[in-house]
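> Please build the complex by placing chain Y on the supplied structure of chain S, with the hints as guidance.
Given next are the chains, with one letter for each unit.
Protein chains: 2
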Amino acid sequence: MVDKLNRFKELLAEVFDLNAAAALLGWDEQTYMPKGGAEERGEALATLSRLAHIRFTSDEVGALIDDLKPMVAQLDPDSDDARLVRVVERQYRKLVKVPERWVSEFARATSVAHHAWIEARGRKDFKHFQPYLEKNVELRREYAGFFAPYQHVYDPLLDDHEPGLTTAEVQAIFDQLRPQQVALIREIAARPPVDDSFLRKPYPEQPQWDFGVEVITRFGFDWNRGRQDKSAHPFTTSFGLGDVRITTRFEEHLGTAALLSTMHEGGHALYDQGYAPSLRRTPLASGASYAVHESQSRLWENLVGRSHEFWEHFYPRFQAIFSTYLGNVSLEQFYRAINKVEPSLIRVNADEATYNLHIMLRMELEIALMEGSLSVADLPEAWNERMRDYLGLTPPDVALGVLQDVHWSGGSIGYFPTYALGNLISVQLWEKAQADIPDLRDQIRQGRFDGLLGWLRENVHRHGAKFEPQELVERATGSKIDPQPYLRYLRNKFGQIYGLLA
Amino acid sequence: MVDKLNRFKELLAEVFDLNAAAALLGWDEQTYMPKGGAEERGEALATLSRLAHIRFTSDEVGALIDDLKPMVAQLDPDSDDARLVRVVERQYRKLVKVPERWVSEFARATSVAHHAWIEARGRKDFKHFQPYLEKNVELRREYAGFFAPYQHVYDPLLDDHEPGLTTAEVQAIFDQLRPQQVALIREIAARPPVDDSFLRKPYPEQPQWDFGVEVITRFGFDWNRGRQDKSAHPFTTSFGLGDVRITTRFEEHLGTAALLSTMHEGGHALYDQGYAPSLRRTPLASGASYAVHESQSRLWENLVGRSHEFWEHFYPRFQAIFSTYLGNVSLEQFYRAINKVEPSLIRVNADEATYNLHIMLRMELEIALMEGSLSVADLPEAWNERMRDYLGLTPPDVALGVLQDVHWSGGSIGYFPTYALGNLISVQLWEKAQADIPDLRDQIRQGRFDGLLGWLRENVHRHGAKFEPQELVERATGSKIDPQPYLRYLRNKFGQIYGLLA
Chain S
2 MVDKLNRFKE LLAEVFDLNA AAALLGWDEQ TYMPKGGAEE RGEALATLSR LAHIRFTSDE
62 VGALIDDLKP MVAQLDPDSD DARLVRVVER QYRKLVKVPE RWVSEFARAT SVAHHAWIEA
122 RGRKDFKHFQ PYLEKNVELR REYAGFFAPY QHVYDPLLDD HEPGLTTAEV QAIFDQLRPQ
182 QVALIREIAA RPPVDDSFLR KPYPEQPQWD FGVEVITRFG FDWNRGRQDK SAHPFTTSFG
242 LGDVRITTRF EEHLGTAALL STMHEGGHAL YDQGYAPSLR RTPLASGASY AVHESQSRLW
302 ENLVGRSHEF WEHFYPRFQA IFSTYLGNVS LEQFYRAINK VEPSLIRVNA DEATYNLHIM
362 LRMELEIALM EGSLSVADLP EAWNERMRDY LGLTPPDVAL GVLQDVHWSG GSIGYFPTYA
422 LGNLISVQLW EKAQADIPDL RDQIRQGRFD GLLGWLRENV HRHGAKFEPQ ELVERATGSK
482 IDPQPYLRYL RNKFGQIYGL LA
Chain Y
2 MVDKLNRFKE LLAEVFDLNA AAALLGWDEQ TYMPKGGAEE RGEALATLSR LAHIRFTSDE
62 VGALIDDLKP MVAQLDPDSD DARLVRVVER QYRKLVKVPE RWVSEFARAT SVAHHAWIEA
122 RGRKDFKHFQ PYLEKNVELR REYAGFFAPY QHVYDPLLDD HEPGLTTAEV QAIFDQLRPQ
182 QVALIREIAA RPPVDDSFLR KPYPEQPQWD FGVEVITRFG FDWNRGRQDK SAHPFTTSFG
242 LGDVRITTRF EEHLGTAALL STMHEGGHAL YDQGYAPSLR RTPLASGASY AVHESQSRLW
302 ENLVGRSHEF WEHFYPRFQA IFSTYLGNVS LEQFYRAINK VEPSLIRVNA DEATYNLHIM
362 LRMELEIALM EGSLSVADLP EAWNERMRDY LGLTPPDVAL GVLQDVHWSG GSIGYFPTYA
422 LGNLISVQLW EKAQADIPDL RDQIRQGRFD GLLGWLRENV HRHGAKFEPQ ELVERATGSK
482 IDPQPYLRYL RNKFGQIYGL LA
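As they're listed, the protein sequences go chains S and Y.
Heads up: the first sequence begins at 2 in my numbering, then just goes up one per residue.
Heads up: the second sequence begins at 2 in my numbering, then just goes up one per residue.
In short, the hints are calculated from the structure, not lab data.
Warning: the hint list may mix true and false statements.
If several chains are the same, the list does not tell them apart, and a pair holds so long as it fits within one copy or across any two.
As the list claims (entries may be wrong) - Straight line, CA to CA, 30 Å or less: simulated DSSO-like cross-link-like pairs of lysine-lysine:
(1) Lys10 / Lys36
(2) Lys481 / Lys433
(3) Lys231 / Lys36
From a predicted model like this one, the values you see are computed outputs, not experimental measurements.
Bound conformation, chain S alone (with noise of 0.2 Å):
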């Protein structure tokens, strides 16, 4: 049985190892890579997916998951072998069920779908890429078909992402969110708006990521294990424990964005840094699920980077350095200008309390899509129409509306409810972390940050994905992915900038 194990954990490892080879292909993509590079590039990356698909659902896998189940019944039901074999019996279950033929086709149609979106995009043009998307909502509707019966056809798309959990679920956790979060963005809407122009400013570059760097080495980033590059769209990737990487970018117009996406990366990364080294080459050493995912880059990025006692230690420092811009700004207007809320077209630009009324239209359309109730061809009149419910704009074309995201052109779809999920459960633990340490916020005021990563590291980061989300957030937090912690956040926190709270 040992042997068994044993020869489990290696073909795994080399799962392990073809996917990290494929990580870094990806990363030296976005960042180093000479234009000519592309076409083999994709080649290789395409071998790489392939030859870990082919491993991972091979027969000696599944057989191996029988023969292994029988002996890990008798283990700690938590202990990592248990976990392990029941998360890749899971996923495992899962992926054989999907053809070869879909996933070739699925491939070709949304690569082609992805040119086609960047040029409709360019053109402002739905009419172009509407036939590619209605591909792509076929061939995901052909997906969830391998996973039937289901509870809802959304349902397994949902759960790529979020494993365990149910549309249902979701939908009753953003039932409750949505009209509360539109209730406050018009309550705000209807005070004076907060001056951000000295944050709408060329920035000097390299200051910015000398700060950005110095920051999250006081959160705990360990450089090496670790580094920082520039990409045009930030991300985090890592290729093992030993290796996660980050990327920042800068932005003209808006000085604290690199510090603020190197957060937000940096928040991803320590979650990769921290997953116990009994997990490491297995598929246990990875986030719990997206949504787990972003609540860390939302934690640090959000509740610890845009609160007021973080700014109290770094403030004088950064006005110091960028003085020509912030040498007159108190640091009470430079906190609300941080926390300006704003309704906006742009997803990715959105302040914490308009920003999951983006993700909320996005999934509603999705399941619409998904069920069929809704045609590509109606898709953008949706989308306006309840981008002027939530949020009271109407998109001027649909470079600005539907066509601002990529992920549906890649054929992604149950993705963008993490994001919002994300941003609950960063709350729920932000909350449990200053009951379980009270002086919390004493210590962000002095730019100590060990004791937050400690709580994280033994609540959240090292259990890898031992546990599903709901699961995890339960283990640590004591409750499931719950809105209510989010909603009081938002409504004290920007009651106080907003002066609501009367």
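Below, chain Y without anything else, positioned relative to chain S:
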């Protein structure tokens, strides 16, 4: 049959992709990888190499070779397809003779030997390395045995680097070379030494980098299909025709080191960028051999980059940029300095006139070790004896003597001769290119290299690994590998510089 050829190419393309991925992992390891990534990187590289090896040596590849041979017998023997089957068959027949058991043992032994070598070199203690080198030699003798019967026990090792070349052929070449190079060096040693003190200065790094970039851009390096980074040891690597990368390094005490390194690696890279597109993603998209590859780096570094014509064009700008040290140095003084001949202990720092002697010494010792006529215990003394005979020097310690090179610690035997053969081939090509392009030297005086690059593309690069080195050299120059052009070149060039012509 067409289906079988396609399947054959598909399998080879997968192997190519795995090797390309491994090459990127290797590049990253030496350029950007954080220290903490080393262990997992080693594991991922081992997995990729093993999977590539398994796929290449699979029964399916063997069966396809057997099926395809009758078909390609009908084709033009120089056609891509005929050569592909032939080259792959050769590699396949060799690789399948090596048992998996030996591959694993060799990997383990050389890994520990490499660490022992670092330790031994640091401590200047050959005895510490001795048992590990004994093991490596024993494994290499066993390896040679897999290919018995052979003419000489060194043949299978040499053949791994120079397909088709025999030990007897190389010995015959070196026997012509050795006495004449030794005699030349003695004559030079009797002349007044050249002053190169103005090169041995801390030239600022950025202008060195920029100048190197400018020069290889003029050579024809395609930045759309390549890049340059920094690393501790300069190297060239590629992941396909569209992505060929070089690295360089700065040396504090030699202001021209980075430029010459960039020209050297640039020469390798021009070769890798020049394979015919029809060879892409096949084993033919590669150099014909290590020696032919080295001929390209040496040609651009030495025959072009240390030529009088080259500096007639570039020296005025170079002098202006580094005027602190070169302000009062004439072109003639500079030309003599970068061509200074001085017997020295370290191979990698050797000049054109002494370099081959370092190589011949090593090859003779390798042959004696493989034959068993020299024991590892007696190696340091044998080394020192030859150093006295060939270069008139005695290493003060083993770090500056027998332990200076990394090769043996990694079990690499049969590699060294390729450096000297590369030098010889470079001058053969150079003579032929001059014969074919009568105004070649004038073109270089004008900073124009398209004539030379075009000639190399046509006669060397585009063929990739279609032809074995002797065949390629003969096709390009009219004769097989021949030491006489190199000896003529040395005698002319250094005769002039040192006034030996009389």
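> For which of the previously enumerated hints does the structure constitute a violation, in increasing order of number?
none
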